[in-house]
Amino acid sequence: MSTPPRLRFAPSPTGDLHVGGARTALFNWLYARHNGGQFLLRIEDTDRARSTDESTRAIFDGLNWLGLTWDEEVVYQGANLARHQADALRLLENGSAYRCFCTPAELDERRKEAEARKDAFRYDRRCDRLDPAEVERRVAAGVPHVLRFRVPDGSTEWDDMVHGRIAFPNKDIEDFVILRSDSTPIYNMAVVSDDIAMRITIVMRGDDHISNTPKQILLYSALGSPLPRFAHLPMIHGTDGKKLSKRHGATAVGDYQHLGILPSAMRNFLALLGWSPGGDLEVMMLDELVERFGEDGLLKKAAVFDPKKLEWMNGQHLSILPVEDVAQWVMPALIAAGLATASELAERHDWFILLLELLRVRSRTIDDVVRQARPFLVEEITYDPDATAKQWKDAAHTITLLSETRDRLEALSDWSPEPMEEALRELAESHGITAGKLFQPMRVALTGLAVSPGIFDVLVMLGKERSLARLEAAVASLERGQTD
RNA sequence: GGCCCCAUCGUCUAUCGGUCAGGACGCCACCCUUUCAAGGUGGAGAGACGGGUUCGAUUCCCGUUGGGGCUACCA
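With our numbering, you'll find the first sequence wraps up at 524, consecutive numbering, no jumps.
Derived from the structure by calculation, the hints contain no laboratory data.
Heads up, some of the hints might be wrong.
[To be verified] The list that follows gives simulated cross-link-like pairs (lysine-lysine, BS3-like), each with its CA atoms no further than 27 Å apart:
(1) K348 x K286
(2) K152 x K211
(3) K349 x K283
(4) K283 x K340
(5) K282 x K340
(6) K430 x K477
(7) K158 x K211
(8) K504 x K430
(9) K286 x K340
(10) K341 x K286
(11) K282 x K349
(12) K283 x K348
(13) K477 x K433
(14) K341 x K282
(15) K504 x K477
(16) K348 x K282
(17) K349 x K286
Start from the sequences and build out the full structure, keeping to the hints where you can.
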């Protein structure tokens with residue numbers, strides 16, 4: 041193996057980029073990267089009725105978000121119609137294919153009859169037995185017809201990179217259509233023609249394509265082209281064991297992007313669906329994935345997509361990634377949520393990074409970070425009713441506590457954790473309560489929430505002025521509540 | 001119906017004939033602790049079934065069962 045492998049991802053633009061497609065793209069990309077080969081992208085837009093530019097864009101966006109860049113110009117299958125036809129005609133000329141005049145209606149009829157008899161329908165080759173003169177006559181008369189591939193006797197087999205040897209008796213493969221009566225190519229014809237033209241050496245795709253493979257191998261042979269290697273990846277199922285579909289909720293990679301998942305975590309998670317590095321390794325960054333990815337770890341069994349584990353994985357990446365990398369994804373989310381502007385974040389970049397360090401370890405998604413960042417970014421906070429109900433139960437007592445806290449903190453000349461802790465623990469002690477009994481009401485006053493980073497971190501991040509103001513506002517709010 | 005693929009905890013998986021069948025997510029308990037996370041410790045939890053092959057099978061072979069895919073002039 042000296043020539044670098046060439047692989048491709050070939051989605052049809054009929055919807056969003058699904059996690060299944062993304063996984064297939066990832067594996068192709070990883071394999072190409074690991075082996076110093078190329079990863080190409082081909083848009084299979086020959087189904088004019090279902091293909092949309094919007095879907096094509098969604099595929100580009102999804103791939104870009106995942107960081108799966110392709111190496112050459114995107115190939116649009118629809119642009120290669122002439123070559124597909126030429127290849128199909130070559131097959132007719134070299135005797136590998138024949139003209140079939142059976143109409144769709146007739147075929148449908150026979151199919152139904154076979155079904156009624158509980159027989160497996162297979163085209164009976166009647167047009168292949170037509171007298172050559174008759175064929176000529178019909179062609180001359182302009183009778184519509186398709187081109188069918190004449191499947192030879194024998195068995196079609198290959199060594200699949202994930203399944204090992206797979207064999208199909210040719211008798212089970214019918215003489216399939218390669219060119220429609222409107223002279224457009226059928227899927228298998230177009231794919232093989234393109235893969236040959238793109239000099240693809242490894243075809244890695246979902247194992248729902250296993251039954252297409254013998255037909256494609258037959259086409260390669262008839263066309264006199266060398267075979268690529270095939271790798272059929274296991275399907276991805278929903279939690280109910282059924283093939284992943286819309287009804288399972290979020291299935292498009294764009295959905296997860298909007299749910300606050302990091303591309304790094306998505307890649308890591310997807311890589312583990314159908315591949316294993318062996319051993320106990322799970323959390324891996326891109327370079328490590330590239331480094332370890334190989335056909336030895338390819339798995340056969342369909343995997344269930346577990347969003348819970350994805351979230352956990354995301355939490356890991358949120359905590360482990362260089363903080364500046366995380367910031368790159370969190371900042372736009374903060375801006376989109378209206379909590380800050382780009383210039384505000386740029387002005388206080390160091391402060392923001394400190395805040396992010398505090399929040400990321402206690403978050404599983406970018407959305408979690410945004411939610412917790414709110415009290416640190418906006419002027420006015422609102423009090424979570426559950427939090428006040430629990431922590432501000434005794435209004436009078438809380439007012440006293442918070443007022444005294446405010447005064448003690450104001451007296452501090454050094455706004456840092458050590459003196460704060462000293463002062464506040466002393467205050468708690470003077471009231472005969474545990475520190476927690478003081479910190480919790482404080483937390484609500486400072487953030488409006490029952491959960492936050494450590495109370496001293498909160499004070500430091502908020503700054504003295506804003507901290508005191510929040511405490512005063514809380515006291516005012518409690519006093520108002522008392523007189524109501 | 002026909003053809004093909006697949007089969008270890010609920011889920012993702014390790015094991016390349018000999019293991020107390022390991023790890024991770026999730027779940028439960030405890031520890032840490034100013035909350036929430038994170039972290040730590042422990043717990044419950046699996047070889048679908050039946051035959052072979054072998055001194056010995058989760059592992060190799062066959063069958064059964066179960067699940068999935070394909071079965072178009074869709075891709």
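Original post:
CA of K348 to CA of K286, is that 27 Å or under?
Top reply: holds (18 Å)
**OP:** Decide if the proposed pair is consistent with the structure: K348 and K282, CA atoms, cutoff 27 Å inclusive.
**Re:** holds (18 Å)
**OP:** For the pair supplied as a hint, K430 and K477, confirm whether the alpha-carbon distance does not exceed 27 Å.
**Re:** Cα-Cα ~11 Å, so holds.
Original post:
Are the Cα atoms of K504 and K477 separated by 27 Å or less?
Top reply: Given that 27 Å is the threshold and the Cα spacing comes to 22 Å, the pair holds.
Subject >> Hint consistency between K349 and K286 [alpha-carbon to alpha-carbon, up to 27 Å] >> reply: The hint holds at about 19 Å.
Subject >> Distance restraint between K282 and K349, which requires alpha-carbon spacing of 27 Å or less >> reply: Judged against 27 Å, a Cα distance of about 18 Å means the pair holds.
Original post:
CA of K504 to CA of K430, is that 27 Å or under?
Top reply: holds (26 Å)
Original post:
Has the given pair, K158 with K211, been kept, meaning a C-alpha gap of at most 27 Å?
Top reply: holds (18 Å)
Original post:
Is the straight-line distance between the alpha-carbon of K349 and that of K283 27 Å or less?
Top reply: holds (19 Å)
Original post:
Taking 27 Å as the top limit, are the C-alpha atoms of K283 and K348 close enough?
Top reply: Distance of about 18 Å is within 27 Å: holds.
Original post:
Does K341 pair with K282 here, judged by a C-alpha cut-off of 27 Å?
Top reply: It holds: about 13 Å lies between the C-alpha atoms, which stays within 27 Å.
Original post:
Between K283 and K340, is the straight-line Cα distance small enough, at 27 Å or below?
Top reply: holds (15 Å)
In terms of the numbered hints stated before, the structure departs from none.
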